[in-house]
Amino acid sequence: MSLRRQAYEWRNIVPVGSNVSNTGHPILTYDAAGAVQATVRQIDPDRPIDIMIGGVGNNLEEPAELRANQFIVIDSVACWPISSAINIRIGTTRYFQDPSGIPSAGMTGAAMPYLPSDATQQFIGHYDTLIPPIYVLPGQAWGIEYTATETLNTGSPVPTLDSEIATAYVRYLLIDGADMLVAMKLLESNIPVSAETIQWYKRNLIRHSLMADVASEESLSEVLQDMERRLI
Amino acid sequence: MGIRVQNYEWTLRGNGTYVATDYPQAHIQNSIFIGDFGNRIEIPPCVRETEFVVIHQFGCTEGVLAKPSVTANRLLSWKPNGFMQIVINTTGYYQDPQNTFSGGISGTAAPYPWTITDVPPHYELLPPIYILPEQTWDFRFTMLNDLRDYCATAGITEIPETTILAQCFVQYHLFDGPDALICHQLLEMGIPITVDNVEWYKRILLRSRGLDTQTWEYYLSAMQAYRERDEYHEKYGSRTRKG
Chain A
1 MSLRRQAYEW
11 RNIVPVGSNV
21 SNTGHPILTY
31 DAAGAVQATV
41 RQIDPDRPID
51 IMIGGVGNNL
61 EEPAELRANQ
71 FIVIDSVACW
81 PISSAINIRI
91 GTTRYFQDPS
101 GIPSAGMTGA
111 AMPYLPSDAT
121 QQFIGHYDTL
131 IPPIYVLPGQ
141 AWGIEYTATE
151 TLNTGSPVPT
161 LDSEIATAYV
171 RYLLIDGADM
181 LVAMKLLESN
191 IPVSAETIQW
201 YKRNLIRHSL
211 MADVASEESL
221 SEVLQDMERR
231 LI
Chain B
1 MGIRVQNYEW
11 TLRGNGTYVA
21 TDYPQAHIQN
31 SIFIGDFGNR
41 IEIPPCVRET
51 EFVVIHQFGC
61 TEGVLAKPSV
71 TANRLLSWKP
81 NGFMQIVINT
91 TGYYQDPQNT
101 FSGGISGTAA
111 PYPWTITDVP
121 PHYELLPPIY
131 ILPEQTWDFR
141 FTMLNDLRDY
151 CATAGITEIP
161 ETTILAQCFV
171 QYHLFDGPDA
181 LICHQLLEMG
191 IPITVDNVEW
201 YKRILLRSRG
211 LDTQTWEYYL
221 SAMQAYRERD
231 EYHEKYGSRT
241 RKG
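Protein chains in written order, with our numbering: chain A, 1 to 232; chain B, 1 to 243.
Each pair of labels, with its calculated beta carbon distance range:
1) Ile116(B) with Val158(A): 27 to 35 Å
2) Ile34(B) with Val223(A): 57 to 65 Å
3) Asp118(A) with Leu181(B): 44 to 52 Å
To be clear about the criterion: a stretch of chain B counts as covered by chain A if any three or more of its residues have a C-beta under 8 Å from a C-beta of chain A, and this derived list gives those stretches:
4) 144 to 150
5) 153 to 163
Listed next, the in silico DSS-like pairs over lysine-lysine satisfying Cα-Cα at most 30 Å (straight line):
6) Lys202(A) with Lys235(B)
7) Lys202(B) with Lys202(A)
8) Lys202(A) with Lys185(A)
9) Lys202(B) with Lys235(B)
10) Lys185(A) with Lys235(B)
For the record, the hints were derived by calculation from the structure and aren't laboratory data.
Owing to the predicted nature of the structure, the values given are computational and were not obtained by experimental measurement.
Backbone N, C-alpha and C fix where the C-beta goes; we use that ideal spot for every residue, glycine too.
Only chain A is shown next, with the shape it has when bound in the complex (with noise of 0.2 Å):
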């Protein structure tokens, strides 16, 4: 499985008395009112958080990094509450930056909303996919950062909507093993990455290939042709 649409989704809700789920998505349990046995953490405004690492609901082990046989490119993201922005971060650099040149606080979630199912009003978004897509090299860390740009839930409540919970999502493409080989050709070649253009490079391999096989057989023939026959 050498091209695979992934998707990485993180979420401000944790058991009660705890600020971070290492495990991914926590069990949610309720009591006997049908209230969550979570709450939504406090996050302070321009605070940037790493959904991955950030120490702030579901969290993986370790940093998201690369191997030298992975290429990746990321496509999509959005995040929830509209207060919010994300930022894309490939080893120190931020992707989104102001007009001045500094880093900004992203993408925010009214351009690229990451809709709760309960969401009262339907933010449509300007952005679906990124255009161009961001791509991260073997070898390379990366991250996702998620800043409010106001207080999100003073005082850390059980929550009782869906659109309370703080959310982030990023959806990429992982390519791995001959086909990271061929997307680092593409890269070489300033032709952009994608699953078609993966293909398409495949499917030229494969044509050159026959040519090259026709045109051996081709000269094999006249080859043989001169040759003096023999009875064996």
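Position chain B against the provided structure of chain A, taking the given hints into account.
Relative to chain A, chain B alone:
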């Protein structure tokens, strides 16, 4: 019937008088085909020698918080907080950024059912997944809202059959017979397997009228024809490879 679009819907409903073991545990993956809960089939999905499967869409019940609705100890509604993972033979399709097996895609990213008030799903299965002959495949559903714990805590005595606790949906193309062979030819040539491309390849096979189609020259001409067709589509914006 060489090419068929197929659907499978899995529904977990209430089973009347509450018995904990009738419902899945939280954070445990259950097959929607041959699991112990909800509707099921008897034989695990396995692609036969004469078949080829392309999975291109799926989804499950959306929502994070369970928002249970209870009347007289009867549970009338529940949101599962579900995730779906695809397993082919023994390999999980979804992995998290630290390269370990993950729960998969949430119902928020790929909702089912999809109502008119929903915005388009964030997750799309592009490129689609090919399941080759002799491979087994499965969809595993994980519920993260602890239904058993809640029922014990709230003293639930009944979950009526009208209560839908979770739903999953899978849509795929099933190619069989000669069309499955064409899928293999396309796969060898690196051409995406779609209904449109299989039909196109059949047309060029018919045009060859009994000529030897196993030669390099034939492969080459087929690939060149596909290239020209692809360029034509891009130029004139007609039906695309995605079909």
